[in-house]
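Asker: So the sequences go chain by chain: A and B. All the letters of the first sequence, read from the start, carry residue numbers 417 to 817 under our numbering. All the letters of the second sequence, read from the start, carry residue numbers 417 to 817 under our numbering.
Treat the hints with care, as some may be off.
Since the list gives no way to pick out one identical chain from another, each pair is judged satisfied if it fits inside one copy or across any two copies.
[Unchecked claim] Result set (BS3-like, lysine-lysine): computed pairs, CA atoms no more than 30 Å apart in a straight line: (1) Lys621 to Lys679; (2) Lys465 to Lys658; (3) Lys769 to Lys501; (4) Lys465 to Lys701; (5) Lys704 to Lys465; (6) Lys556 to Lys704; (7) Lys704 to Lys482; (8) Lys482 to Lys701; (9) Lys625 to Lys748; (10) Lys465 to Lys748; (11) Lys517 to Lys556; (12) Lys544 to Lys517.
Derived from the structure by calculation, the hints contain no laboratory data.
Protein chains: 2
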Amino acid sequence: MIRVVRGGITTPQGFLAAAVNCGIKRSGYDDLALLVSERPCACAGVFTKNKMRSGSVELCERRLKKGLAQAVIVNSGNANCCVGKREIRDAEAITALTARKIGLGKEETLMVSTGIIGRSLPLDRIKKKIVSLTGTLSRKNALRFAKAIMTTDTVQKEIAVRFKVAGQEVTLGGSAKGSGMICPDMATMLAFFTTDAAIERGALKAAFKESVDSSFNRITVDGDMSTNDSAIIFANGLAGNKMIRRGSTGYYRFLEALRFVTKVLARKIVLDGEGATRFIEIVVKGAKSQSDAEGIARHVADSNLVKTMIAGGDPNWGRVASSIGSSGIDIKKDRVSIYFGNEPVMRNGSGVKVSRKKLVSMFKKKEIIINIDLRSGGSSSRIWTCDLTEGYVRINAEYET
Amino acid sequence: MIRVVRGGITTPQGFLAAAVNCGIKRSGYDDLALLVSERPCACAGVFTKNKMRSGSVELCERRLKKGLAQAVIVNSGNANCCVGKREIRDAEAITALTARKIGLGKEETLMVSTGIIGRSLPLDRIKKKIVSLTGTLSRKNALRFAKAIMTTDTVQKEIAVRFKVAGQEVTLGGSAKGSGMICPDMATMLAFFTTDAAIERGALKAAFKESVDSSFNRITVDGDMSTNDSAIIFANGLAGNKMIRRGSTGYYRFLEALRFVTKVLARKIVLDGEGATRFIEIVVKGAKSQSDAEGIARHVADSNLVKTMIAGGDPNWGRVASSIGSSGIDIKKDRVSIYFGNEPVMRNGSGVKVSRKKLVSMFKKKEIIINIDLRSGGSSSRIWTCDLTEGYVRINAEYET
Numbered sequence: 417m418i419r420v421v422r423g424g425i426t427t428p429q430g431f432l433a434a435a436v437n438c439g440i441k442r443s444g445y446d447d448l449a450l451l452v453s454e455r456p457c458a459c460a461g462v463f464t465k466n467k468m469r470s471g472s473v474e475l476c477e478r479r480l481k482k483g484l485a486q487a488v489i490v491n492s493g494n495a496n497c498c499v500g501k502r503e504i505r506d507a508e509a510i511t512a513l514t515a516r517k518i519g520l521g522k523e524e525t526l527m528v529s530t531g532i533i534g535r536s537l538p539l540d541r542i543k544k545k546i547v548s549l550t551g552t553l554s555r556k557n558a559l560r561f562a563k564a565i566m567t568t569d570t571v572q573k574e575i576a577v578r579f580k581v582a583g584q585e586v587t588l589g590g591s592a593k594g595s596g597m598i599c600p601d602m603a604t605m606l607a608f609f610t611t612d613a614a615i616e617r618g619a620l621k622a623a624f625k626e627s628v629d630s631s632f633n634r635i636t637v638d639g640d641m642s643t644n645d646s647a648i649i650f651a652n653g654l655a656g657n658k659m660i661r662r663g664s665t666g667y668y669r670f671l672e673a674l675r676f677v678t679k680v681l682a683r684k685i686v687l688d689g690e691g692a693t694r695f696i697e698i699v700v701k702g703a704k705s706q707s708d709a710e711g712i713a714r715h716v717a718d719s720n721l722v723k724t725m726i727a728g729g730d731p732n733w734g735r736v737a738s739s740i741g742s743s744g745i746d747i748k749k750d751r752v753s754i755y756f757g758n759e760p761v762m763r764n765g766s767g768v769k770v771s772r773k774k775l776v777s778m779f780k781k782k783e784i785i786i787n788i789d790l791r792s793g794g795s796s797s798r799i800w801t802c803d804l805t806e807g808y809v810r811i812n813a814e815y816e817t
Numbered sequence: 417m418i419r420v421v422r423g424g425i426t427t428p429q430g431f432l433a434a435a436v437n438c439g440i441k442r443s444g445y446d447d448l449a450l451l452v453s454e455r456p457c458a459c460a461g462v463f464t465k466n467k468m469r470s471g472s473v474e475l476c477e478r479r480l481k482k483g484l485a486q487a488v489i490v491n492s493g494n495a496n497c498c499v500g501k502r503e504i505r506d507a508e509a510i511t512a513l514t515a516r517k518i519g520l521g522k523e524e525t526l527m528v529s530t531g532i533i534g535r536s537l538p539l540d541r542i543k544k545k546i547v548s549l550t551g552t553l554s555r556k557n558a559l560r561f562a563k564a565i566m567t568t569d570t571v572q573k574e575i576a577v578r579f580k581v582a583g584q585e586v587t588l589g590g591s592a593k594g595s596g597m598i599c600p601d602m603a604t605m606l607a608f609f610t611t612d613a614a615i616e617r618g619a620l621k622a623a624f625k626e627s628v629d630s631s632f633n634r635i636t637v638d639g640d641m642s643t644n645d646s647a648i649i650f651a652n653g654l655a656g657n658k659m660i661r662r663g664s665t666g667y668y669r670f671l672e673a674l675r676f677v678t679k680v681l682a683r684k685i686v687l688d689g690e691g692a693t694r695f696i697e698i699v700v701k702g703a704k705s706q707s708d709a710e711g712i713a714r715h716v717a718d719s720n721l722v723k724t725m726i727a728g729g730d731p732n733w734g735r736v737a738s739s740i741g742s743s744g745i746d747i748k749k750d751r752v753s754i755y756f757g758n759e760p761v762m763r764n765g766s767g768v769k770v771s772r773k774k775l776v777s778m779f780k781k782k783e784i785i786i787n788i789d790l791r792s793g794g795s796s797s798r799i800w801t802c803d804l805t806e807g808y809v810r811i812n813a814e815y816e817t
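Build the full structure now, drawing on both the sequences and the hints.
Answerer: Given below as C-alpha cells:
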C-alpha cells in the first residue's frame, strides 16, 4: 500500500533544503535553491536529449556516471545555455564552492539550471549567496525549494508517500516544475526525488528510468524538448530497510511507488500547462510496434488542430483521423477506429452516427480521453497533453526577453 | 523571359471552366467547379501522403497512371473522406456522369474534394447540378473556378504567365486554394495548372514533381498534411510548339516557368494562412545531408515557440536554438550559428552581443528570414511558414462542424 502524506523532498529522513534570491529573477522571488542529503546517496538522473543542451546538464551526466551524489544546487531564470565554454566553467565553480561550504567533494554535487537561453550566469552574485544558502539548510524548506525552482509555473508541485519494503517503512518525496507540454524556453521540466530507502545503485537507475519513461516522457513537450530538462533521484538509505536489489519483491514495491509519484507530478505539470484548460489523454492500441503506437499518439497529441478543437469544445473527429494518417507511420485506413471516451466516432475508417449533443457535453469535461485502435498488431502507448488556447499564444507572444 | 499576364487557368488556349452552387456550402457560394480542355492532354498529379486520404485522391492516382486526362471536377465543403467504400463509388459516379455530359471517357475525368471529413457527399444534389455545370463551360470562368474551390481562404489565388519555347510563345496558368501551413481539416491545399505547351508525358511529370517539391512541399502544413492535398497539371499542346522532351532546352524553359508559378501560388497560400501576420523563411545550410537540412528547417518552422515569438515581435533566438537541438538530428552544438536576416545572434553555439533595437525593428517587417548554419556539411534546405497568432486559435477553436 502506498500512502500519500503531507510534504515533499525533505519528508524522507536526512534531507535538507534551502532557497534564496540572488537577483536573477527581477521579481525578488527565490531563484537559487539547494537540496542536500546528510548521508551519501545512490543517485540517478535522466536528462534532455536536446543537442543544444546546457552546460549544467553536461556536468550532471558526467558526475552521475558512478551513480553517487549527495547535493544539487538549482538556479531558475537562467538556462546556462548557449554561452560557450563558460557554461561548464561556471557550473564547476558554483558546485565547487557549494561543496566546500557543506563539506562535500565537488564530484558529489550537481547543478541544474532553468530559464532564459543565451545569457551568462551572474557568477559573482551567485557565489555571494551560496554562504547564506548553505547556512539556512533545513527540513522545513521543501516548499520554499519547490517555489524557488518555478519559472512560468502558476503553482508549486510536490508530493510525498510512505510504503513498506520487507516490513520496513520508507518514504519517497518529489518536487517538480514545468509549464507543461506547451513547454516554452522559460519552462523547462525539472523534477527532484528523495528517498530514505536503501537501494542498490543499479536498481535505483533502472527503476528511475522506467518511471520517468512512463510519466514525464509521456507528456509531450510540444515537440520542443527543452535544453535543460532534468530529473534526479537521491536515495540515502536512512530508513534502514534491507538493501533493495534489482528483481526482488522490494524492488517492485519501490518501483510501484516511484511510478506513482512520477505520474502524479507529470500530471500536475500538464494541468499547469500555459493557457491550458483541459487534460487530454491519447491512447493508441493495435499498433504493429511500440514505436508505431507512440509515434501516432505523439503526432496526434502535438497536432495544433486537435488541441484547438478541444479548446473550442468541438468534437470534430475528422481532425484526429487526418492527424493519424499524416504521422508518416504505415496504417490500414479501413481498420482504424476512433473513440471519444468510450463513444465510437469512427469505425474501420468510416464515420459513425453519434449524438452530437452527447459528444459536446463530453468535451465540456476537464479531462478528455481519445482512444485510437489501429487493428494492426498488439502494441499500445499513451501520451498526455493539454489543449491549445488563445491564452497560450498570449503568454508566449507577449513574453519579452 | 517569363512574363506575368492577367488571368488564370483558362488563359492558355483551349481550356474552359465553370462553377455552380450545389448546396454543400450553406452560404450559397459556388461549391462545385469544373475545368476541361478542348483537346486531349498530358496530365500529371502530386497527392497527399496521408494514409487516411480521400477516395477522390485514390481515384485520381489510379486514373493518372497513364499520364492522360482532360477534365477535373472539384467540390468544396466536403472532403469525401472517412465514409468508407462510398468514397470511391461516389467519385466514380460523379466523374462518369460529368464525362458523359462533355463527351469524354470517364477515365480522362478526375475528381478533387476539399472540406469536412466524415460526411458523405450529397450525390443526388451534385448529379442534378452537373448539367448546368457542363452547360456553362467558358473561358471567362477562371476567377469563378478559383473562388469555388476556396474554403477558409480569404482571397482567391491565381496566376498566368507567357514564355517562349524554341521561338513559340506558350502560356501557363494556375489556380490554388489553402489557408497555409496552418492547414486545418477545412483547408486542404489544392492547385490546378493548365498549359497549351506541347510536352511529352514523362517530361511533364518530372517537371511538375520538381516544381511541387520546391514550392508547395516547402510550406509546412503544421505537421498536419491534409487527407485531400492535390496538385494537377494539364498540357494540351495547342500552342503548336515543338514537343518538349526531357533534358532539352525547351524543357528547362518550361521547368523555370513552372517553378515560378508554383512558387508564387505557394507563397500566396502562406500569406493567406489562418490568422497569419508574417511570412517566415527558415534556411538551413551546412548540413550533413539534404534530409538533415530539411528535417531541422521543418522542425523549427513547426515550433509553436518560434511561431509565437514572431507573432509577438520578440527576437528571442534561444527558442530557435532549442528547437534546432530538439529535432532529433545530430548536430555539433559548438558549430551552430543563427542569423536573423543577415544579423548574427548566435555564433558557434554562443550568443552574440547585438542591438536589441535593431532586431526588434527587423521583427516588425512582414517577411522574416531565419538563417541557420550547422557547419557540418554541404547540404541546405529552405521552408516557408507563418506566425502563430491568437487569430489562428480563434479560427480553429470557434470553427464548428
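Asker: Next, verify each hint and record whether it holds.
Answerer: So, going through the hints one by one against the coordinates:
Only within a single protomer do Lys621 and Lys679 lie at most 30 Å apart by alpha-carbon distance; the minimum there is 17 Å, versus 52 Å between protomers. In this homomeric assembly, Lys465 and Lys658 never come within 30 Å of each other (Cα to Cα): the closest approach is 35 Å inside a single copy and 57 Å across copies. For the identical chains of this complex, Lys769 and Lys501 are inter-copy neighbours only, at 16 Å across copies versus 61 Å inside a copy, given an alpha-carbon limit of 30 Å. For the homomeric pair Lys465 and Lys701, the shortest alpha-carbon distances inside one copy (27 Å) and between copies (22 Å) are both at most 30 Å.
Taking the shortest alpha-carbon separations for Lys704 and Lys465, both the intra-copy value of 26 Å and the inter-copy value of 20 Å come in at or below 30 Å. Proximity of Lys556 to Lys704 under the C-alpha cut-off of 30 Å is found in neither arrangement, the shortest distances being 50 Å within a copy and 53 Å between copies. In the homo-oligomer, the alpha carbons of Lys704 and Lys482 never lie at most 30 Å apart, since the shortest distance is 37 Å inside one protomer and 34 Å across protomers. Taking the shortest Cα distances, Lys482 and Lys701 never come within 30 Å of each other, neither inside one copy (38 Å) nor across copies (39 Å).
For the identical chains of this complex, Lys625 and Lys748 are inter-copy neighbours only, at 26 Å across copies versus 33 Å inside a copy, given an alpha-carbon limit of 30 Å. Taking the shortest alpha-carbon separations for Lys465 and Lys748, only the inter-copy value of 13 Å comes in at or below 30 Å, while the best intra-copy value is 32 Å. Taking CA atoms no more than 30 Å apart as the test, Lys517 paired with Lys556 passes inside one copy only; the shortest distance there is 20 Å, against 85 Å between copies. Only within a single protomer do Lys544 and Lys517 lie at most 30 Å apart by alpha-carbon distance; the minimum there is 12 Å, versus 87 Å between protomers.
Violated hints, listed in ascending order, are 2, 6, 7, 8; each of the other numbered hints is respected by the structure.
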